[in-house]
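So the protein lines, in turn, are chains A and B. Counting in full-length UniProt numbering, the first sequence runs from 1 upward without gaps. Counting in full-length UniProt numbering, the second sequence runs from 1 upward without gaps.
Source of the hints: derived by calculation from the structure; they are not laboratory data. Because the structure is a prediction, the values reported are computed rather than measured. Glycine included, every Cβ here is placed at the ideal spot set by N, Cα and C. Certain hints may be false.
Derived contacts from chain A toward chain B, CB cut-off under 8 angstroms, selection only [said to hold, decoys possible]:
1) Q19
2) A93
3) S116
4) I117
5) S118
6) N184
7) K186
8) N210
9) T211
10) R212
11) G213
12) A217
13) L220
14) G261
15) T292
16) Q294
The residues making up each chain are set out below.
2 protein chains.
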Amino acid sequence: MNLQKKVTIKEVGPRDGLQNEKQMIQTEDKIEWINMLSETGLTYIEITSFVNPRWIPQLADAVQVAKSIKRKNDITYAALVPNERGLEGALEANVDEVAVFMSASETHNLKNINKSISDTYPVLKPVIQEGIVAGKSVRGYVSTVFGCPYEGEVSIDSVLAVSEQLFSYGIEELSLGDTIGVANPKQVEEVLTEVLKRFPRERIAMHFHNTRGTALANVLVALNLGITNFDSALGGLGGCPYAPGASGNLATDDLHYMLAGMGIETGINKEKLIQAARFLEEKMGKELPSHTMQTERSKISN
Amino acid sequence: MNLQKKVTIKEVGPRDGLQNEKQMIQTEDKIEWINMLSETGLTYIEITSFVNPRWIPQLADAVQVAKSIKRKNDITYAALVPNERGLEGALEANVDEVAVFMSASETHNLKNINKSISDTYPVLKPVIQEGIVAGKSVRGYVSTVFGCPYEGEVSIDSVLAVSEQLFSYGIEELSLGDTIGVANPKQVEEVLTEVLKRFPRERIAMHFHNTRGTALANVLVALNLGITNFDSALGGLGGCPYAPGASGNLATDDLHYMLAGMGIETGINKEKLIQAARFLEEKMGKELPSHTMQTERSKISN
């Protein structure tokens, strides 16, 4: 294996995790939770999404969350924005980075954004460019890179086309998402090999879901290809919107377990990570599904 | 990746899975379940263990199970035997293969077998040799290869020493077990690299547990090193005896999902695998923890 020495884990729990949780979390609890995450050694936290609250009521408190958390200088606090109106909110709340999103699959893009892929570009272009003018770095998410809940297979060409457009508008980093958790290591190798012919590895992040248990195997392949940015959500928060009850985001704690065991630096303190996960479990009144949290609970019950 | 084209999945659910389940399963249900497993395309099933029923009441019906299942010619039906008495039972029931076991960690071996490692050899040697004389192939399990619940780290030298002894007695195949599910891919690479300097890859099997979610990543490394035999238990049956509530054996269905997606042949039919898992869930009155079964359930509830 040709391993990287250092990896940046980008915590997406407060956004991608919570947006898939039906149970409403109190704003003050979110703020306290994010403050705890800031103490774990994480250097990147996606704290919320400035979307229309009609679509995601859970994140209706985006402004308040973004304005109330205690920020640390060495952490990038990011937020998702779907359009110019979202960007305004994010700029008003002064987040460090904004992230736009679209899908590599026509049908998923249509169902998720209510627009075709080609009609999405003119929406995202000004968001990206105004974000940059405002002094923010901009991240681009591409979803359904490894499979679509409606179309099944997604071609590498579609992934490359969307990636190319987003980079051409000025995004700093591209996050490739296995939205429904279907990817296998061979596919990750195939897709990434093509992606890395066109874009530098430092500007690519991988965003795996663990719906079929393959997320860490997929991470391993990406690591071997030089990728050093990985998205994950503490405790595996979030589930999969297309498979209720199934595992969702790759868990930050599971990812950290594997990387730490392999001697790969993340700067994260495991105990503080577990504490933050326990806090959220308490506030939600439910157990988080990650393997690490299952194992931690069993230690207590022993 | 340097992938194998064909892999043999060795189903250990009826033994390693069930022995860690507290809830007693009816003998007739076990028999029907194993008969269903025989229809999935699996070519190897470890059906029970001929241990003292005082230690594992769940498998007290070993003789009846072994004698009552419908056998298919192209399937190897194996059973675990701890000693000569166990071997007698297994031979009487005419299983195709017997498996002996010991630990690479002194303390785990002592707690599990009530003997030191050096005192275990004289017990296993005649079992292996009499098994061979009786016309059976013999498998050797080494447990705690990647970590011990009592000692923590286990040295590669201990693993090699135990492996060397077992091969010298005539075992056909060695199964290296991550008993408590702590292994990471780098460690698997390190251990296997040493193991494969001494023993041919065709005679090594890997037995991963998914306690920390790393099992499929570990499989991937072993595949890349030429290993083609993997143990797993349908639905992730079994839990981890040292971490109650946590995931246990790598799930056959999750392993099959990854391998099939990568175009690696296993001969297994996914639908029949799921059917067999559903049958067991019904008989146990509980859900199996594998990612695949979680996803399958969510399809129904959708």
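key: Residue hint N184 of chain A, partner chain B, criterion CB-CB below 8 angstroms   = With a minimum Cβ separation of about 3 angstroms from chain B (threshold 8 angstroms), the hint on N184 of chain A holds.
task = For the hint on K186 of chain A, just tell me whether its beta-carbon gets within less than 8 angstroms of chain B.
result = 4 angstroms, holds
query = Can G261 of chain A be said to touch chain B, with a Cβ gap under 8 angstroms?
reply = 3 angstroms, holds
task = Hold the hint about Q294 of chain A up to the distance rule: shortest CB distance to chain B must be less than 8 angstroms.
result = Interface hint status for Q294 of chain A: holds (4 angstroms vs cutoff 8 angstroms).
key: Residue hint S116 of chain A, partner chain B, criterion CB-CB below 8 angstroms   = At about 26 angstroms, which exceeds the 8 angstroms cut-off, the nearest Cβ of chain B leaves the hint on S116 of chain A violated.
message = A217 of chain A was flagged as interface toward chain B. Is the shortest Cβ-Cβ separation under 8 angstroms?
response = 4 angstroms, holds
ask   = Should the hint that L220 of chain A touches chain B count as held when the rule is a Cβ pair under 8 angstroms?
value = 5 angstroms, holds
message = For the restraint on I117 of chain A, tell me whether the closest CB of chain B is nearer than 8 angstroms.
response = It is violated, given that the least Cβ distance between I117 of chain A and chain B is near 25 angstroms, above 8 angstroms.
query = Holds or violated: N210 of chain A as interface residue toward chain B, Cβ cutoff 8 angstroms?
reply = 7 angstroms, holds
key: chain B contact restraint for R212 of chain A - C-beta distance below 8 angstroms   = The hint holds - R212 of chain A has a Cβ within 8 angstroms of chain B, the shortest such distance being about 5 angstroms.
query = Any CB of chain B closer than 8 angstroms to the CB of T292 of chain A?
reply = OK, holds: T292 of chain A within 8 angstroms of chain B, min 6 angstroms.
key: Restraint satisfaction for G213 of chain A [CB to CB of chain B, less than 8 angstroms]   = Status holds, d = 4 angstroms.
Checked against the numbered hints above, the structure breaks hints 1, 2, 3, 4, 5 and satisfies the rest.
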